[in-house]
Amino acid sequence: MESVFTNYELLCLAVTAITAPFLSFIFSLIFKKLAATFGIVSITVSLVFSAVLFFSVWQKQTFHFAFSWIKLGNVNINIGILLNNLSVLMLVLVSFIALLVHIYSVEYIRKEALKYRYFSYLSLFCFAMLCVVIADNLFLLYAFWELVGFASYLLIGFWFTKKKAVHANKKAFIMNRVGDVGFLIGLMILLSQFHTLDIETLFGAKGIINSSFVQNGLWVTPFATMPDYWLSIAGFCFLIGACGKSAQFPLHSWLPDAMQGPTAVSSLIHAATMVAAGVFLLLRVSPLFNDLVLTTMASIGLLTAFMAATIALTQNDIKKVLAFSTISQLGFMVLAVGVKDNAAAIFHLSTHAFFKCLLFLAAGMVIHQLHHVKEHTQSKFDEQDMRNMGGLSKLLPVTTVVFIIAALALSGLPFTSGYLSKDAILISVFEWAGERGGIYWLFPIVISITSWLTAFYIFRVIFKTFFGEFKLPSLINRKLEDLHLHDANLWMKIPAVVLAVFCFGFFFAVNPFNLESSWLHHAFNVKPHSESLLHLFVPIYINVLSLILIVSAYLIYVKNKVVFTNHKSWYYQFSYQQWYFNVLYDKKLVKLILWKAKISFWFDTQIIDGAVHLSAKATLVFSKIIDWIDRHIIDGFVNGLAGLVSRMNVWFRSMQSGKLQHYFVWMLLIFLSFMIYKVII
Amino acid sequence: MIPLQHFLLIGAILFSLGLFAIITRKNAIQILMGIELMLNASILNMVAFGKYDKIDNTGQIFGLFIIILAAAAVAVALVIIMNLYKRAQTIDPNQTKSLRG
Amino acid sequence: MIEQIIFYILTAIAIGSAAYVVLSQHLVRSVFMFFVTLFAVAGLYVFALADFVALTQIVIYVGGVLVLLLFAFLLSSKDALDAVAEIPSGLLSANRLPAVLIATVFFGLLAYIFCNIDFQNLNWITSAQASGNVKSVSDDTIKNIGVNLMSRYLLPLEMISILLMMALIGAAQIARKEPKTL
Amino acid sequence: MGLLSVLIFLPLAFGAVILMLPKSLNKWYKYISLAVCVAQLAIASYMYCHFKTGDAFAGVNQLSQYQWLENLKWIRLDVGQFGTLQIDYLLGVDGFSIGLIWLSALVMLVATLSSWEIKTNLKGYFALFLLLNASVVGVFCSLDLFLFYIFYELMLLPLYFLIGMWGGVRREYASIKFFLYTLFGSVFMLLVIAGLYLSVIDPNTGNHTFNMVYAMNPANYAEGSIFNSLSNIQIFGFPARTVGFLVVFVAFAIKVPVFPFHTWLPDAHVEAPTPISLILAGILLKVGGYGIIRIACGIFPEAAISLSFWMGLLGIISIIYGAMCALAQRDLKRLVAYSSVSHMGFVLLGIASLTSEGLNGAMMQMISHGFLSVMLFFIVGVIYTRVHDRDIYNFRGLANHMPVFTGFVMIAFFASLGLPGFSAFIAEAFTLIGAFSSETLNGFIPRWMAMVGALGILLGAGYLLWTLQRMFFGKLRLKKEEWKLALTDVNAREVIVMVPLAAMALVLGVMPSIAFDVMSSSVNQFLLMFK
Amino acid sequence: MPNFPNISQTTTDIINSLPYLCGEWAIAVGFLVVILADLFVKNSKAIIASLATLTLIISGGFLVYDLISFQNTELLFNGMFVFSKSAIQFKLLVVAVSLFSLLFFYQDGRLTKHPKGINDLISIFLAGILGMFLLISSANFLTLYLSIEMISLASYLMVSYNAYQKNQAEAGMKYVLFGAVASAIMLYGISLVYGFTGTINLYGDALINGLTQIGVAPSALAIVLVLAGISFKLSAVPFHFWTPDAYQVAPTSVVSFLSTAPKIAVFGFLYYLLPYFQIGDTLNQFILFIAAASMILGNIAAVFQDDAKRMMAYSAIGHTGFILMLFVLPQALILNATLFYLAVYSIANIGIFMALTYIENNYAIFNISGFKGLGKSIPAIGVCLVVFMVSLTGIPPTAGFVAKFLVFSSVISFNGANIYITTLLVIAVLTTVISLFYYLKIPLYFFLKKSEVQFYRSKSSKVLVVFTVVLTFLTLLFGIFPSLLNVFIH
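Protein chains in written order, with the working numbering: chain U, 1 to 681; chain G, 682 to 782; chain W, 783 to 964; chain V, 965 to 1495; chain Y, 1496 to 1985.
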């Protein structure tokens, strides 16, 4: 099929789509008052152009345009644009969500004095992210990848007077940098092996990656040869890069901290787009990975998904729960890449972007409204703490509804987008495990458990936040009416509602129960899933159990907590009697899970984050040691030389004692010793 | 006939005694005497060797020059030492050690 | 034979008196003993057939230099003469140990070298002997010295005249009293 | 009189003019100096724009390919046995020097602008400043080793006084340390230069020559001379050429500075007044890198090859070590000084790789570091001139108080930690790429060095972000109340200083080919010597 | 006359030799005239000054004439005196330095205010120069001994010339006794050489043959003993002990003279001696040893000196070592480098002492620590001092750098790979670095430190400033155009 547009026009479109946010970034800083307008207009432009690009490229052609940027020796690095299915999809996704978040932010950030900075940073982020998406070579990708991190740094630290925010953005940037270093090393390996970093040339259909092979312990490419372990190292390096950006174990601990930033930012950057960049990178370079790397990747994804899910179970900070949830879901995607189902990963990436963004926006609305209450009543409480909430469904109906829709999608219940994408991953994992057998069956089992836990923790949030009793009034001794708590205004509501629409499966598939009918999944699925029972079985058992868990969460968190404490209460009896398969589900299991969650959290905060802090501390201590060495040994050596000179000086001057006859003695001694040397020897 | 060696050894002894004197004597004039001893050793060598240099007579003439020069040097040295005595009331080289280091 | 005996007696006197000069704790005695040394050494010069040098030694050295020394000594060392007994003695006191070391080593070195040289076979001595360029006891050294001084050694002679002049001026300048008008 | 001579003698002449002027015209000194620097920058820019690129103008070891070549007979000193001491006034530029000349012109201008803070003894200050200016330019364009050495040493004296007279509390210690350190290296280098002179023969005249371009050609070495590679002369049991390389390398490594010869740097920087810090960091360190490339590696290529592993090792040690030391500092200026050690480590790593990417990266890193370190030191200077304190712990939350300033700080910090879009990113990335591909291409340095070097980027982020967080973010809290008034936001002059620096870093980051185009043919030509 | 077979030949030789020595005769006549003028003319200060200057100029003129008209090397006065081109070059250098010194004497407050007058000093000074001339041209041990004694006696007298304080007298005593011992040792060495070879002529086969025949150990002993006296005049380690003491308290102008002219003369002599003393490797080893020791000791001991002149004394020791380094090379290699270095060193040294005298005269400050903040009061002198110090260290663009470079390249060109010579070079370099430390102390105190006290300034003439500036200019000029200096030397 021929495109409607010529190549030149495509180029112009793409360039406009990415430069619009950049211009907005500049102009926002100059014309401070119009910042929001610039932001929204520019991202709208981007969206429109992206959409045009999407429709002209999607499933039709691959468009690649490049011109030489740097040419040195063997290295030729281009500036270029690569438009293929993946990039146009991401283009639309990013600009669309960014647009919504922009709109949302108008209200969310209204009262900030420095909101022009906010919008300009946001535009910078959009620019960088769009560039990451359409960059045609890894070097450029790396450049914008770092820029994305920088924008994220700025946005996390938007409230730079908040100590925690500043700590968080530093941490985020540095942990991202760890990943970046991996990425950079990966780049160096590729460059020295293939003499190019062009994605299309390297990994395209006729990519030269295919002409490289491993033989006799050597990794041979048309240009150069290295020992074969460098192939694995290259893979691991990119994996580390992705882990950093996508908050995978062990580089994940920055993401929960990053929640110190404005919630709108969290929704855009730390839920929908930037964190997906890691997965995006993995997708881009996926042909490079060998089996070892893939298995490791799958394991990391699995471990992250499970661990984050269990941690999310006990968090009381609403945003923290969502942050861990994000980590967990990203784990799903990495796992999907690890099991070589790129389509599922992309699919989940897209659907997740919508519902997770929505979750954050909704949570943001809650927080925002509670913040108003806080300001209004001039009381002190943590507006993000779920223990202060409850029963908000009556006060914030729209918020509740959208949140529940998103939660359903997250849990992967039928009719939602999550149902499709998550099942795609699960099925792939099952198939993958089936092919390998043995210990690999752990993967589907654990991922299933994670999937159920997802349902449990997200509904725990819903129940704790929107149902039950509103705990805040009693906490701050005000009447409910005094709080003036109501839904947010349209600026915030509309984006949420729009996103909610996209949480439904219809949008992604004609038949919301059939993965194969999804256009998105279909577009990337190179080899269709074999028709098997799995397609039927997996969704059913996952969903059924999820539902059960949701109900149990309802029982636990809405009806009361007595289930744990008062065995004689009827709730407990009820659950115990009614749901008879208490082997699977009784208080012990719940306790077990909760206990595990606590362990996980402890592990996360103490060991992982502890390790991060420890390494930071260790680096600092080490740096102190080095500094000490520098001052006392290196410089000490230099000063020691000076000391030696001054010692000799003292000695020589003591020879010059002032007594004539001492002079004679010295003179004759030295003179004689020379003569003896000459005469005797 | 006295062997040359004997002259030389006597000279060497005188020279060594002179060295000993300049190091140990506590009086600038005695140090000067030590130096004279050393000079005498040299003259002795010169004249001893001069025996084999009849025509040019270098040894003896050199010896004469040394004697004359020694006189001049002693005169100068004595003046300087007496000047020191005038300023410092001592000519003990151990007592005059204000310049050092 | 008698020649040898006198030579060694003179040698003994010279070395003994020199040792006394060097080692004596009595300052005045040591100065006077230096007379003896110089006389003895002058005697040794005679044995080297240098009678004019011996004469000069006695005239200039003993008659001039040593008298000068003695005067200076007496002028300057009144206090020292009074405190004769206080001068420390013994091998280890003051600089004696290094002095003994240096002097003996130096002497050892010289003696070692002199003893290892066969002077009679040195080229220049053999050729001097061959060409008769060796002094005999009967030679007229004074005439030879006179002629040589005025011909071969004229330049040094002129030099030393200027040198003496300079020494004279300098010594006089330093020794003379500074004018009152300061 | 060619343009290069004008570049050199313009400041000298006006330095003399300043000395002549009466003290009552105190105020005008800085404007004279400024005018000189502006003129220099204009000339340098003109030269940069008209610099011919391409293989026919590569320079390096082809004298005829140098541009703006000036050759005057200067000294013909009869020295008896070994002929006439033949020293030429030989100037010229190629791809290696033109960028650095432009950089020095800019840095000098910036330094002049920041000299507004100097209040005492202006006559002496500006006279010395212009002398320094002349010698710095001279170093970069002289092609005669003797001339080079004269300019090289001539830099020391004004610096000694500039640090020693207008510096901080321990200025005497710092200035003498700096002087001694550099002299230590350079006097040894003088021996090698003498040896080179006695070895190299001018192919045209047959005389011995100091021409460093001729010295790069093995055919020009006299038979049996000490540095002739065929004569196999040993010094202390090492081949003479290796010793020669080592000596020259150490001389310049002190200047760079490379671990373990770096300890003069923090002291000198901390004590130097701001404009001198700028010059030190912006230009003088580059003299070291330039010297290592042109003289150490250019004249002793085979020694450079055999010792490239150790060069690379020193490079990465400097990177990590400098970063670690920076992390431990609480004096802002010391921190920046150590960061220079770290950043200049990349230069050495790039040179050691002896690949096109690595060398280009190293040159780029020098230029980039020229802009960025100058900016960093200027930033320190801005704070220091206001409150006379630099302790990081004494400041907090400056971002709200000095927003524009903080903006510049952010730019400078992020640019120097290698944020894409700025020159440092390109430079460091290419250095590392070069270092990494070295094992495949020529096998000089192993791959792990590049990987360890990449860690330096991480550590760089560490100390800069920590500083940013500690000093600029958070709530405003200062050691003394009165500082609040003193710490005003940047004024117009300071903005004028910082904008071009930031702009240059940005321009080179976005369009690195501006610099690469000029130097790449020279680099290629240079690399041919290592084949 | 059978006893005097050579008399007619020697007499004709003397008569033929006379015209070659015009330079020397001029000095000798000048010496006598000055003495007479001092005796018979009242208020003769100005007359004597002009007479002495005239003497030097005439002598210099004769030397220049000799330099131009004679090319050959001849032995005159029956082998007592060597006449050669390079000897004249050294003598010219001595004359030039002496001229500066002469002008300097009349600016030194300690000498001009001396109650006994300065005239006697001038005559001693002239006799000293005559001694130097004769030393440079000495062709045998007798003239060597006499001329060294002549210089020594002149030096003793000049140092003690106005020793009114205890320490001044003390320095004179130390100097004279030390010198007497050194010359006694040298004399003993000469007597041994004479005994071993039967000749006192330096130039000729007899000396070499005799010493070669006698064997390594005796010849080494004799040579080393002879070199003791020469080293004493050079103030090389271990015969340096008198130097700091004498320099510290002697009149500054005298120090300036003594630290330059006699050294030039001794090096001029040593330059001629070189090929004739090469028996075994004694000479080289000895020079190697004292050069290294002098550089190390001189430069290190100078580091923490507070008295400016004492520091300069140690610096002089260090420089002696540095120049001596050249003398391990064959004679043919070193003439230009030696002359150049000596000239440059003398210029800087005289310049420094002039500056120090200016400070002494005006502020009565002798200690370096007393210079604190003087740079504000007398910046011109400060700048000059800096230039001289830099020149002595050997940093461009001063003449000292070129000189140092010439020395280095001479040494390397001979045998840069020899392990001993390389070690010597390394020592030279390291001590150069150390020397920077103390040389920069003067600018350090001048400019870098702030003064704590008010300076009391007694007004005096600016002549010294003019001289200093001129010398500074020369230092810089010869640094940038060293060929000019070479023109002067040749």
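Take these hints with a grain of salt, some might be off.
Each computed SDA-like pair below joins lysine to any residue, with the alpha-carbon atoms no more than 25 Å apart [claimed, not checked]:
hint, chain 1, residue 1, chain 2, residue 2
1, U, 164, V, 1442
2, U, 111, V, 1087
3, G, 778, Y, 1503
4, U, 493, U, 44
5, Y, 1608, Y, 1950
6, Y, 1867, Y, 1925
7, U, 617, V, 1356
8, G, 778, U, 316
9, G, 778, U, 385
10, G, 767, Y, 1779
11, G, 707, G, 687
12, W, 959, G, 771
13, U, 340, U, 212
14, U, 374, U, 316
15, V, 1495, V, 1295
16, U, 111, U, 71
17, G, 735, W, 901
18, V, 1439, U, 71
19, W, 925, Y, 1503
20, Y, 1871, V, 1385
21, Y, 1540, Y, 1950
22, U, 479, U, 617
23, U, 71, V, 1404
24, V, 1087, Y, 1957
25, U, 659, Y, 1862
26, U, 71, V, 1385
27, U, 162, U, 613
28, U, 163, V, 1447
Derived by calculation from the structure, the hints in this document are not laboratory data.
Those earlier numbered hints the structure runs against, lowest number first:
2, 3, 6, 8, 9, 10, 11, 15, 16, 18, 20, 21, 22
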